[in-house]
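Once you have looked at the hints, place chain H on chain C.
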Amino acid sequence: MLRRYAVELMIALAAVLFIAPVGFIFLTAFKPDTEILHFGGLLPRDPTLEHFRYVLGTPEEIPVFRWLFNSVFISSSVTLLVLTVDALAAYALSRLNLPGGKAVLALIVATMMVPGQVLLVPVYLLLSRLGWLDTPWALIVPAGAGAFGVFFLHQFFKAVPQELEEAAAIDGCSRLGVFWHVMLPLARPALATLGILTFIGSWNDFLGPLVFLDSVEKYTLPVGVALFQMSYSIEYGLTLAASVVCTAPILVIFLLLHRQIIEGVSMTGLKA
Amino acid sequence: MISRAATVATLPATETPSAIRARTRHRRFLGRLGGYVFVLPYLTLFVVFLIFPLFYGLWLSGMRYELVSPQPPRFIGAGNYLEALRDPAFWNALGATVLFVVAVVPVTLVLALALAAGLEAVISSRRQSFYRLCIFLPTMITISVGGLVWRWFFNGEFGLFNALLEPLGVKVPWLTSPGWAMASIVLMTLWWTLGTPTVILVAGLKQIPRSYLEAAAVDGAGAVRRFFWVTLPLLRPVLLFVAVIQVIGGFQVFGQTFIITRGGPEQATRVLMQYIYETSFNMYRLGYGAAMSWLLFVIIVVVSLAQVRLLRQR
Numbered sequence: 012m013l014r015r016y017a018v019e020l021m022i023a024l025a026a027v028l029f030i031a032p033v034g035f036i037f038l039t040a041f042k043p044d045t046e047i048l049h050f051g052g053l054l055p056r057d058p059t060l061e062h063f064r065y066v067l068g069t070p071e072e073i074p075v076f077r078w079l080f081n082s083v084f085i086s087s088s089v090t091l092l093v094l095t096v097d098a099l100a101a102y103a104l105s106r107l108n109l110p111g112g113k114a115v116l117a118l119i120v121a122t123m124m125v126p127g128q129v130l131l132v133p134v135y136l137l138l139s140r141l142g143w144l145d146t147p148w149a150l151i152v153p154a155g156a157g158a159f160g161v162f163f164l165h166q167f168f169k170a171v172p173q174e175l176e177e178a179a180a181i182d183g184c185s186r187l188g189v190f191w192h193v194m195l196p197l198a199r200p201a202l203a204t205l206g207i208l209t210f211i212g213s214w215n216d217f218l219g220p221l222v223f224l225d226s227v228e229k230y231t232l233p234v235g236v237a238l239f240q241m242s243y244s245i246e247y248g249l250t251l252a253a254s255v256v257c258t259a260p261i262l263v264i265f266l267l268l269h270r271q272i273i274e275g276v277s278m279t280g281l282k283a
Numbered sequence: 000m001i002s003r004a005a006t007v008a009t010l011p012a013t014e015t016p017s018a019i020r021a022r023t024r025h026r027r028f029l030g031r032l033g034g035y036v037f038v039l040p041y042l043t044l045f046v047v048f049l050i051f052p053l054f055y056g057l058w059l060s061g062m063r064y065e066l067v068s069p070q071p072p073r074f075i076g077a078g079n080y081l082e083a084l085r086d087p088a089f090w091n092a093l094g095a096t097v098l099f100v101v102a103v104v105p106v107t108l109v110l111a112l113a114l115a116a117g118l119e120a121v122i123s124s125r126r127q128s129f130y131r132l133c134i135f136l137p138t139m140i141t142i143s144v145g146g147l148v149w150r151w152f153f154n155g156e157f158g159l160f161n162a163l164l165e166p167l168g169v170k171v172p173w174l175t176s177p178g179w180a181m182a183s184i185v186l187m188t189l190w191w192t193l194g195t196p197t198v199i200l201v202a203g204l205k206q207i208p209r210s211y212l213e214a215a216a217v218d219g220a221g222a223v224r225r226f227f228w229v230t231l232p233l234l235r236p237v238l239l240f241v242a243v244i245q246v247i248g249g250f251q252v253f254g255q256t257f258i259i260t261r262g263g264p265e266q267a268t269r270v271l272m273q274y275i276y277e278t279s280f281n282m283y284r285l286g287y288g289a290a291m292s293w294l295l296f297v298i299i300v301v302v303s304l305a306q307v308r309l310l311r312q313r
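Note that the protein sequences, when read in sequence, are chains C and H.
For reference, each letter of the first sequence is one residue, going 12 to 283 in my numbering.
For reference, each letter of the second sequence is one residue, going 0 to 313 in my numbering.
Careful, some of the hints might be misleading.
To be verified - To give an idea of the chain C side of the interface with chain H (calculated C-beta under 8 Å), a few residues:
(1) Phe84
(2) Gln173
(3) Leu175
(4) Leu218
(5) Ala237
The set of hints was computed from the structure by calculation and includes no laboratory data.
Glycine included, C-beta positions come from ideal geometry on N, C-alpha and C.
With the rest of the complex left out, here is chain C (with noise of 0.2 Å):
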């Protein structure tokens, strides 16, 4: 029992040493510039404002609102365009025995091995062709490509009873509305759950939007943050601020449905 509570104790240790830098972030940004640059205790003393309402309140030298639009924007319509590609797809590939349909899942599947590294030149020039570079498309149409969600979303739908699609078709109900009202209600968890890791994994991107965006009002907040902080180096307290405004959405996500995220990222060691 005692070595148990010794176990248990430096778990909380490490888990302290894991949220650390986070809450460091969030505390540093309320410190004056003099607090920050003289460390004396974590909890700033003489709290402030003004990092914020200058990184707020300056939109034509700090475009942050238009960062968190452009931000919003793309994670929403990748998360979007990923649920309803991928689910008709996985239902397809997975409940209507597709001639080839196994080849078909195979070989999507077996790109979930491919790095994205090799993509990037052939897409950057992809999208150069098709006059999507610096527009939000660019980040958007291409993530509908990625094979996860179909796994993922496979691995679900072919668990569901032939006997709840059997039962809809003698009632009367098409194929789609087999897949409409049998099983996008029976998938909502699964849905859920893909939903909000492409939602996060899209918010997070740092390399697709650093490559494919030019103009500084089309970043989204990662860049954006990355931008400001070799502008301003010295001023930690407003790269501070920008840090804490790109980092809240994803946090108040995160704690609000932190057991389906961390279920849904287990789930992909089990079924591999």
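Same frame as chain C, but now just chain H:
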């Protein structure tokens, strides 16, 4: 069922049963093929933005394709690959990447396993999921924010780490010495990425039947022996999966070095992805960038296959 019987009844009597069967089979095949309508939206994106670019990249890697050059792109065969083999910057970047993978992957596996086993030992499931949440939280932070705060922690003059070490009279050149810079990147990466392997291994541990461990305990095996002789062998498939994912991710390391060290000092942390990025999008030598991407791809595939070969259940 009823509808098919009706169809048969209305067929002309001259048709042989086998012809009818062939026709219904053909019709059913067409009906099943119709299901591809559902797959079409995804398949279009899949082909256009994944399959096509994969091979387009391979073709590009055989081209001298320079966006800023006045010369039109032309085919040069293996030219880009030969250039990479002679390019000291490529070898330096490959060396830095391999060093990173070799340092980060084993440590990640050991620590994730230790954290997962530790988490499973926590009796209260509420506290267990709270600790798990804390360990997973950094994974949710975007690299520009995480990199920013760690760069500041590592700062030699007014960084947190050296401030904490000051009473001991130690001053570590976290980001200014080549050796320490890579160690710093590894340390930051562990903080940022340990969450995913840990939660996957926790899920793997939960799948191991308790009866196995109890049987081993009855046979007199202590906790350490149970872990190494029962838990670890049963966890092997999950561990293999985690190891492969870690290696694939490790070879593509980019954000950490790009934000924290910018590849320095003395290019000690200029990893392959950063060199590919700079070649392709700062110097606009897309053919050479594509060739190095394919080299990296081949390296990743070979290493992953070797891992599966070596670690798979014998």
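Margin query: Restraint: Leu218 of chain C near chain H, CB-CB cut 8 Å. Satisfied or not?
Written below: holds, 6 Å
Next item on the list: Classify the hint on Phe84 of chain C as holds or violated, based on whether any CB of chain H lies nearer than 8 Å to its CB.
Entry: Interface hint status for Phe84 of chain C: violated (17 Å vs cutoff 8 Å).
Next item on the list: Mind checking the CB of Gln173 of chain C against every CB in chain H and telling me if the closest is under 8 Å?
Entry: Interface hint status for Gln173 of chain C: violated (15 Å vs cutoff 8 Å).
Next item on the list: Report holds or violated for the interface hint on Leu175 of chain C, using the least CB-CB distance to chain H and a cut-off of 8 Å.
Entry: Violated. Min distance 18 Å.
Item checked: Hint check, Ala237 of chain C versus chain H [nearest Cβ-Cβ separation less than 8 Å] -> Since chain H brings a Cβ to about 4 Å from Ala237 of chain C, closer than 8 Å, the hint holds.
Consistency with the previously given hints fails for numbers 1, 2 and 3, ordered from lowest to highest.
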